[in-house]
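Number of protein chains: 6
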Amino acid sequence: MTDKSTGLTLNRGLWFEDFAEGFVVETKGRTITEADIVNFAGVSGDFNPLHTNAEYAKDTQFGQRIAHGTLVFSVATALAYQLGMLDDTSIAFTGFEMKLRGPVYIGDTIRVQIKVGGRREMKAAGGGLVTFDVKILNQRDEVVQKGEWSMLVRSKPQQAPVAHAPTESA
Amino acid sequence: MTDKSTGLTLNRGLWFEDFAEGFVVETKGRTITEADIVNFAGVSGDFNPLHTNAEYAKDTQFGQRIAHGTLVFSVATALAYQLGMLDDTSIAFTGFEMKLRGPVYIGDTIRVQIKVGGRREMKAAGGGLVTFDVKILNQRDEVVQKGEWSMLVRSKPQQAPVAHAPTESA
Amino acid sequence: MTDKSTGLTLNRGLWFEDFAEGFVVETKGRTITEADIVNFAGVSGDFNPLHTNAEYAKDTQFGQRIAHGTLVFSVATALAYQLGMLDDTSIAFTGFEMKLRGPVYIGDTIRVQIKVGGRREMKAAGGGLVTFDVKILNQRDEVVQKGEWSMLVRSKPQQAPVAHAPTESA
Amino acid sequence: MTDKSTGLTLNRGLWFEDFAEGFVVETKGRTITEADIVNFAGVSGDFNPLHTNAEYAKDTQFGQRIAHGTLVFSVATALAYQLGMLDDTSIAFTGFEMKLRGPVYIGDTIRVQIKVGGRREMKAAGGGLVTFDVKILNQRDEVVQKGEWSMLVRSKPQQAPVAHAPTESA
Amino acid sequence: MTDKSTGLTLNRGLWFEDFAEGFVVETKGRTITEADIVNFAGVSGDFNPLHTNAEYAKDTQFGQRIAHGTLVFSVATALAYQLGMLDDTSIAFTGFEMKLRGPVYIGDTIRVQIKVGGRREMKAAGGGLVTFDVKILNQRDEVVQKGEWSMLVRSKPQQAPVAHAPTESA
Amino acid sequence: MTDKSTGLTLNRGLWFEDFAEGFVVETKGRTITEADIVNFAGVSGDFNPLHTNAEYAKDTQFGQRIAHGTLVFSVATALAYQLGMLDDTSIAFTGFEMKLRGPVYIGDTIRVQIKVGGRREMKAAGGGLVTFDVKILNQRDEVVQKGEWSMLVRSKPQQAPVAHAPTESA
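Chains as they are written, first to last, in this note's numbering: chain C, -16 to 153; chain D, -16 to 153; chain U, -16 to 153; chain W, -16 to 153; chain P, -16 to 153; chain S, -16 to 153.
Treat the hints with care, as some may be off.
Note that identical chains are pooled: a pair holds if it fits in a single copy or bridges any two copies.
[As the list claims (entries may be wrong)] Capping the alpha-carbon separation at 20 Å, the derived lysine to any residue pairs in SDA-like fashion look like this:
| # | residue 1 | residue 2 |
| --- | --- | --- |
| 1 | Lys139 | Ile89 |
| 2 | Lys98 | Ala3 |
| 3 | Lys118 | Thr77 |
| 4 | Lys98 | Pro140 |
| 5 | Lys82 | Glu125 |
| 6 | Lys41 | Phe76 |
| 7 | Lys98 | Ser133 |
| 8 | Lys129 | Asp42 |
| 9 | Lys98 | Asp42 |
| 10 | Lys41 | Lys106 |
| 11 | Lys118 | Gly5 |
Derived by calculation from the structure, the hints in this document are not laboratory data.
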């Protein structure tokens, strides 16, 4: 997004070159509510009683319903998207791998810590592959999932932001 | 959002002082789908046949179903929120007034142009009131709604961003 | 809706001529649940942490998550629609202006008081513009929003309800 | 709903005594969209491929996806509710029986014809049981479901509408 | 579903011939949450205050909001679908009749007991009509709805499962 | 699920011992609709214009909106869940890794091929870790995602299914 009068860019996505080793960001948080679990069951089609049956869940190791691991993961990627750090600079989300470390209960608030784990230039693709080390944390700073996301990111255009302009109103 | 290693702020909200006359921004766009209208009818409870009955809508001046004016308005405020320009700097959304100028059909893509229309310092409130002139446009650059939104925005802290720090992980 | 045996009209919309000064109605009430806020965030795209992050909201002036002002407004217009008082007699919703007066918390129940504030005949349009003064109240009778809605309303047909008949099954 | 200035009742529910033999009403219509089927699968948990798999549905007798019979039935009861004819006068929905006569495809528009089939006073319950003969029709006037709904309906208060007043703001 | 290496069928639907008198099954359970009621109001369009207005519901015989009877019924049919016992063997859901026996409150967990009540061969249709006696129970084993569902079910193919193969990937 | 009269188990989950090398299953299919993408944007919070803005998507390499990779992945895990092959026998979903190979467009129908890739007994945990090789395919049999899911699965009880009984009504 660009302030047309001042040229100030508020939500500029970052280029491949900007993702140096040591780069660390943290997303906003989001509370995972009972409604989120109900809605995610409905969108995905996964009505596992661990997520949708309070009586059943009582007798499990968790003692209550928990969020789908895929819900937690999906919200985490959305929190990362909301940072705007790849707006118009990502070419593709190429892969992810996650370990599930702990449950997310109704009412827990998750956020994501993202740091650059690795980077490899891919000139033919017009950018490079960035591997992000990712931790999803709850409000008690416990890691609930951790892993790695891979993104193909555009390189900084050699000559000015002109080439970038057409997408600004998207 | 702050890159903890470099201190680079990606999504910094703007202070009252940043909203000078002449400031103009434009949001991303969003396509209003049939599903959005169905979902909005369900969330709001407004099942007016103009939005939910294709047979009825055929015989109206529009010739087809149209989006709720309140859906268009709600999405517009969300597109503005997504700019991040008031992240942690808004105190309150105090009011809005809109004129409905034209229909939004299924498949139309809307975006919002926002410029500073007026500003009034309110020291007691710790900031000032900013009035934004707002136009909601479709993909043919037709104005579908226009009006004014009022926000109470925090003033830039006198001494450093320290006071602002506690909310960063929110 | 018409009882075909008796001709009794249950949900007849009112004509422009019916909206005399002094006309006052009140809608049913609706409880704004956590699920409504979650769903509205999803439909609008506004995931402001004030609405979606319980940890963040604790530290705000409200001490807890609150409903989007646009959710409250959207539900209010739907509650008004549900009265059926403009069924097949409204030509267009032309504009609205609202002041936000107080928060709506999870579990609050809102309803709307609507009275005729002004009216102006517009013969060319086949009716007239009615301005409604609107108050959205919670279960403690506190005004959470107030303002004005403008509707273009059809005039009573000169000769009988015949012209009105084709839309009855809509 | 009552116009407080004029006492005009717009959405008055009907009493047991009002449901004479021969009473017939018809609801508004609603288009059953792809989004409705997707959402209903999610709310109910019924992802039968006949409703959610376009490839599978091609090879069935219907040649395409169809709406859940329970979705059609649920929307029909809601269309009936929206008539307002039992607002504050129903005591309970006691039973229903339906025959499924034909498919509802994506884009079909359904409406409901309701007539009084039988009535039995139940003084002890403060009203009586009304049996409604119900037909759900599509936009080609084909019957897609037909059957019977039973409601226990309050009797008209002997002395004036005073007893009815407390519920008006509900 | 078929394990292609071993030929083991996990979710094989049952044939008309399999539904002997005395056949009884029970579904998994599902907790009806506030979010389910909110979502079902939105999908169906039934915003009866008994389901959506906590203040109103306090003053009713139930003392609180209850689930729509149609929500409970719809979830029950979905729980039955999830058993997979009619996967690719049902021809049509031909009818249902239910008596509503008691309320389902927010947080109640329902499940369904299904037994074969009657069966009638219908050679021309390639199978037979099975009538299931159905009870919907809550977590206290109280019957909240009971009735009868009718399904037209395919007969076991005379020569091998070959005719059944094309649908396996559906 | 157990047929109480015959003891026939329809949806019995499989034990760790049942997952031999060479075990292969395939799920049902599900069509990814525009409504699914809209709903998933709303549940996750990811409104990337590639998924929500038809005008923007036209100018990308895909030429149209595509489904979120996380939506495709979430639906795939749900399709696997629906097989019932781990009902009451899974201890935990411990991790996943996926490569994104191709886009899923509105209207594409996906299904999942799952085979046992590896297994390691973990006596202390009461079962073993099974690694599934997973391919998500569209209706043209193109692989859109592929990878590996890890599940901790219960071992077959030494003495009879008695230990398993308490969960049957869940």
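Hint check:
1. Taking CA atoms no more than 20 Å apart as the test, Lys139 paired with Ile89 passes in neither setting, with 42 Å inside one copy and 32 Å between copies.
2. In this homomeric assembly, Lys98 and Ala3 come within 20 Å of each other (Cα to Cα) only inside a single copy, at 9 Å, whereas the closest approach across copies is 35 Å.
3. For the identical chains of this complex, Lys118 and Thr77 are neighbours both inside a copy (18 Å) and across copies (15 Å), given an alpha-carbon limit of 20 Å.
4. Neither within a single protomer nor between protomers do Lys98 and Pro140 lie at most 20 Å apart by alpha-carbon distance, with minima of 24 Å and 29 Å respectively.
5. For the identical chains of this complex, Lys82 and Glu125 are intra-copy neighbours only, at 14 Å inside a copy versus 27 Å across copies, given an alpha-carbon limit of 20 Å.
6. Taking the shortest alpha-carbon separations for Lys41 and Phe76, only the inter-copy value of 19 Å comes in at or below 20 Å, while the best intra-copy value is 38 Å.
7. In the homo-oligomer, the alpha carbons of Lys98 and Ser133 lie at most 20 Å apart inside one protomer (12 Å), although the nearest pairing across protomers, at 25 Å, exceeds that limit.
8. In this assembly of identical chains, the alpha carbons of Lys129 and Asp42 never lie at most 20 Å apart, being 27 Å within a copy and 28 Å across copies at closest.
9. With identical chains, the CA atoms of Lys98 and Asp42 are never at most 20 Å apart, being 38 Å at best within one copy and 27 Å at best between copies.
10. Taking the shortest Cα distances, Lys41 and Lys106 never come within 20 Å of each other, neither inside one copy (54 Å) nor across copies (25 Å).
11. Only within a single protomer do Lys118 and Gly5 lie at most 20 Å apart by alpha-carbon distance; the minimum there is 15 Å, versus 34 Å between protomers.
Going down the numbered hints, you'll see the structure goes against 1, 4, 8, 9, 10, while the others check out.
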